[in-house]
Amino acid sequence: MRSEHVLEFPGGYTRTTGPVIGRFLTELRDARLVGVRTAQGRVLVPPLEYDPATGEPVTGEWVPVGPAGTVESWAWVGTPRPGHPLATPFAWALIRLDGADTALVHAVDAGSAKAMRPGLRVRPRWRAERAGHITDIESFVPEVTGMVAPIRLTYQIQPGEALSRFLAKVRDGILLGGRCDSCHAVYVPFRSACPQCGTPITEEVELPDTGTITTFAINNLPDPRAPEVPFVSAYILLDGADVPMIALVGGVPAHEVRQGMRVRAVWVPEAERTASMANIKWFAPTGEPDVEL
Amino acid sequence: MSNRCAVIGVGQTKYQTRRLDVSIAGLVREAALRALQDAGLTFADIDAVVIGKAPDLFEGVMMPEAYLADALGAAGKPMMRVHTAGSVGGSTALVGASLIQGGVHERVLVVAFEKQSESNATWALSTHVPFSASLVVGAGGYFAPHIREYMRRTGAPGHIGTLVAVKDRLNALKNPYAHLRIPGIDRKTVEATPMLWEPIRYLETCPSSDGACAMVLSSEAAVTGTPAWVHGTAMRSEPIFRAGRDTVSPQAGKDCAADVYRQAGITDPRGELDVAEVYVPFSWYEPMWLENLGFAADGEGWKLTESGATALDGDIPWNASGGVLSANPIGASGLIRFAEAALQVRGRAGEHQVDGARRALGHAYGGGAQFFAMWIVGSEKP
Chain D
64 MRSEHVLEFP
74 GGYTRTTGPV
84 IGRFLTELRD
94 ARLVGVRTAQ
104 GRVLVPPLEY
114 DPATGEPVTG
124 EWVPVGPAGT
134 VESWAWVGTP
144 RPGHPLATPF
154 AWALIRLDGA
164 DTALVHAVDA
174 GSAKAMRPGL
184 RVRPRWRAER
194 AGHITDIESF
204 VPEVTGMVAP
214 IRLTYQIQPG
224 EALSRFLAKV
234 RDGILLGGRC
244 DSCHAVYVPF
254 RSACPQCGTP
264 ITEEVELPDT
274 GTITTFAINN
284 LPDPRAPEVP
294 FVSAYILLDG
304 ADVPMIALVG
314 GVPAHEVRQG
324 MRVRAVWVPE
334 AERTASMANI
344 KWFAPTGEPD
354 VEL
Chain U
17 MSNRCAVIGV
27 GQTKYQTRRL
37 DVSIAGLVRE
47 AALRALQDAG
57 LTFADIDAVV
67 IGKAPDLFEG
77 VMMPEAYLAD
87 ALGAAGKPMM
97 RVHTAGSVGG
107 STALVGASLI
117 QGGVHERVLV
127 VAFEKQSESN
137 ATWALSTHVP
147 FSASLVVGAG
157 GYFAPHIREY
167 MRRTGAPGHI
177 GTLVAVKDRL
187 NALKNPYAHL
197 RIPGIDRKTV
207 EATPMLWEPI
217 RYLETCPSSD
227 GACAMVLSSE
237 AAVTGTPAWV
247 HGTAMRSEPI
257 FRAGRDTVSP
267 QAGKDCAADV
277 YRQAGITDPR
287 GELDVAEVYV
297 PFSWYEPMWL
307 ENLGFAADGE
317 GWKLTESGAT
327 ALDGDIPWNA
337 SGGVLSANPI
347 GASGLIRFAE
357 AALQVRGRAG
367 EHQVDGARRA
377 LGHAYGGGAQ
387 FFAMWIVGSE
397 KP
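Each protein sequence line maps, in turn, to chains D and U. The first sequence lines up with residues 64 to 356 when you count with the numbering used here. The second sequence lines up with residues 17 to 398 when you count with the numbering used here.
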């Protein structure tokens, strides 16, 4: 057999504060923090009518303290109870307010236990409606040490004439290069000027979708453009080109990729093609003998 | 002939993963004020400020020259920003030096910084712009294939990168500013870490750091304290994609080295330099740059590393400070190399001082190994 029994004095007990704690709570109602000085010169916060160390009466000198303070020690409350000051996880902490020689116990709303440490600087979060009670401070909160500065830039990007020409051909399954009028080097993707000699490039060259892996990395960090980890990003020198392209290698385990390996582009089905390099799923080995580099 | 230029003050912050206690302005001031203190000067003694940082996306600060002018005491003075990707710290020092060498100013403050904790460099390097026909995955993804090609060409054994990763971290234990401190690090420690971008292992890469570095540069007439004299300066660049480009040993790096050696009268860098601070963000770049910079013949760089010649007690110590492998506030990393070279010839490198260092090389590279900046500093006037 069991029955719940509630014992609560109707309206709550009253407590006469006396002059010292009364002064502290009065100041608290006005959102001010004060301590009282002992005969030895120490500042007690919260204040007492007597020095707890000697039993002597405290002096009548009131000292403004805080509002900031330093956490001396703390205990994390992962599951707050109904009577706790906060409904979300918080820390009980001993907080020594600036200018005080003793610490007071209060709640610190730090978000997570990882944010708590001895030495953490905190400040009171005051209630808008105050009554002259320690809960006039809803909790303490850490000082501001950083902020988030979101920056978002939206661009309208156009690929430019040369790259547009290249991508239009990619839609048709063709890799377009350009031969420099002066040094005769073949660049792919097609570009309008030679990066080596600056000469305009006018001659278009349609390149095959086969080439040789000159070198590569095995990437063990995920990338949205790669289907899995590890993946191989390789320098592929297309047959007839003089500069390599960096592209994904697939259809072969990463650790079987070799420098000198012959590869061919694997195109997505014709119906899915757009003016984009996404048309090439990756380059896969052709099975031809390796090329001597 | 240009006017003489000297480094008279060096300031660094402690490099670490997150400097949550300072703003960017506070970070650069920390380095700048230490450099000024080293030179026995104040902001009032400075004629102009040159600042460098990594590309804007790295921490979302687009105009550091505007944001940080007053923090660096540049009110009413010339202030400019330099931008050459990862080599920017080196280029920043060289732009500052040119203002002295050209007789424009008497004292120039050069500063470079990075607060990597405010963003993510791999994100910033992999923004996947529409229509791009390329697949690059961060800096490691870009450089790993060139390291693989170096290994193929030279037949270097696989443990060479590990040796550099260990050597530089052991040096870092002697540098109070270094970020990575791994006491007792050895080959096993490095080899036990996973491959990120094969052939690059986790501990063969640089850390992500917050930090700033500053130097006070001075004309001959305005020298205070202990100077490191500038014996040569050079910058080169090349297009990232061009036919016939050697991505293992870029021509721009060779040309830059040849230029700076000619100015300093150096024909045998290994024999004539006492110490080098070279931009090695992935361990294999030590043997690669040993060849590119003429410290070893083609194909022989890894043998120099293996022989211990580049260790702190070797005949040509590379990265006595621990290098980029031990601290990488990207925008500042080049300037740190230049500053560490100056500290060595000033005899101010502390526990990682190379005894009797008289001439030192500072080196930085950036982009797809397409920007190079180098200087040679010496304890004696050029």
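Treat the hints as calculated values from the structure; they're not laboratory data. Any given hint could turn out to be false.
Okay, the calculated bits of chain D under chain U, using three or more residues with CB under 8 angstroms as the criterion [unchecked claim]:
(1) 64-71
(2) 203-212
(3) 216-227
(4) 274-286
(5) 291-302
Non-contacting residues of chain U with respect to chain D, defined by C-beta distances greater than 12 angstroms in every case (computed) [said to hold, decoys possible]:
(6) Asp86
(7) Ser114
(8) Ser142
(9) Arg164
(10) Lys190
(11) Ile256
(12) Arg258
(13) Asp284
(14) Gly287
(15) Gly324
Here are some, though not all, of the chain D residues that point toward chain U, as calculated from beta-carbon distances under 10 angstroms [unchecked claim]:
(16) Trp137
(17) Leu230
(18) Arg254
(19) Ser255
(20) Cys257
(21) Pro258
(22) Gln259
(23) Thr262
(24) Val306
(25) Pro307
(26) Val315
(27) Glu335
(28) Ala338
Predicted model only: the values in this text are computed from it and were never measured. No residue lacks a Cβ here, since even glycine has one placed at the ideal position from N, Cα and C.
Query - Hint numbers not upheld by this structure, sorted from lowest to highest - result: Result: hints 1, 8, 9, 11, 12, 16, 19, 23, 26 and 27 break, sorted rising.
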